[in-house]
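Go ahead and model the full structure; you've got the sequences and the hints to work with.
Protein chains: 2
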Amino acid sequence: MKRKSFGEFECCIARALDEIGDPWSFLILRHALLGARRFSDFEDALEIPSSTLARRLLDLTERGLVTRRLFDERPPRVDYELTDKGRELLPMVLLLASWGERWASPLGAPLELVDAKTGTRVEPMVVDRATGRELLPGTVALRPGPSASPELSQAVLTRRPVFGAAL
Amino acid sequence: MKRKSFGEFECCIARALDEIGDPWSFLILRHALLGARRFSDFEDALEIPSSTLARRLLDLTERGLVTRRLFDERPPRVDYELTDKGRELLPMVLLLASWGERWASPLGAPLELVDAKTGTRVEPMVVDRATGRELLPGTVALRPGPSASPELSQAVLTRRPVFGAAL
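Residue numbers (this note's numbering), protein chains in the order written: chain S, 11 to 177; chain D, 11 to 177.
These are computed hints drawn from the structure, not numbers from a lab.
Partial list, derived from the structure: chain S residues whose beta carbon lies under 8 angstroms from chain D:
{"id": "1", "residue": "Phe-36"}
{"id": "2", "residue": "Ala-114"}
{"id": "3", "residue": "Pro-154"}
For each residue, glycine too, the CB sits at the ideal point set by N, CA and C.
In structure tokens:
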């Protein structure tokens, strides 16, 4: 199954979705963030057909989210490790988990986020790095960036309801 | 095309992915967060076949992310509005945009996030709501929550590399 490439849109979100791929790839990244490294780690955790898993891991490697590390052992051992690009998805994964807990887990969360040292519950919140203010609908807007095409810049200026409104 | 339901996994992330659906649905939500309301708003912005768009909007409505509002006008007018469940995806969309700008936009961002009032650039960061500390790899861990099955709880305790490691 070949899906349309979203990477061609003039939109960082579409490009990100194009990179991260599909829900399976996202769940593989989630497990890598949780410490999975071996093929069998992912296989056990996801109950995914091994051919599907192999294809997704290759795809994630080619996209630079994961890197293959070979160990000179017998039998040979391969680890799949996250790159910086992959590791920087952690905050988004935490938010997705938090949203899923709130809106898609009527019986409560199967797993809870806690501080690794203290064990206290953690609630992810998105703020602006410079001011520390929470980013909420209505407080954020968009403007054309360095790579905006003339068409996009024009659209931001004239079609406010679609492109230029405060988020 | 029917994809496997991720909602059955004991994982808030998988459930969230199941709710949000696929990349098209995510981009529809993105435009709704930016102020798109009419069918034609989404159609113009996404250049998506109208049958695909209609199906995704219906799906998002059934999942409670979007609600249809009918206006008693001639010709009749329908708006698609985000529910609280849909609106609460904003922080995640901002993070995805930020990641996409950093890792998937070599020529710079086509659109930049700014403060709606001041126009200053905004950089989303994820912190713990109670302490204000940034949530980074290694600072967060998981523990079984209220709806964890005995199998999952056991797995968290014994298979640390996959389930219980610090994120």
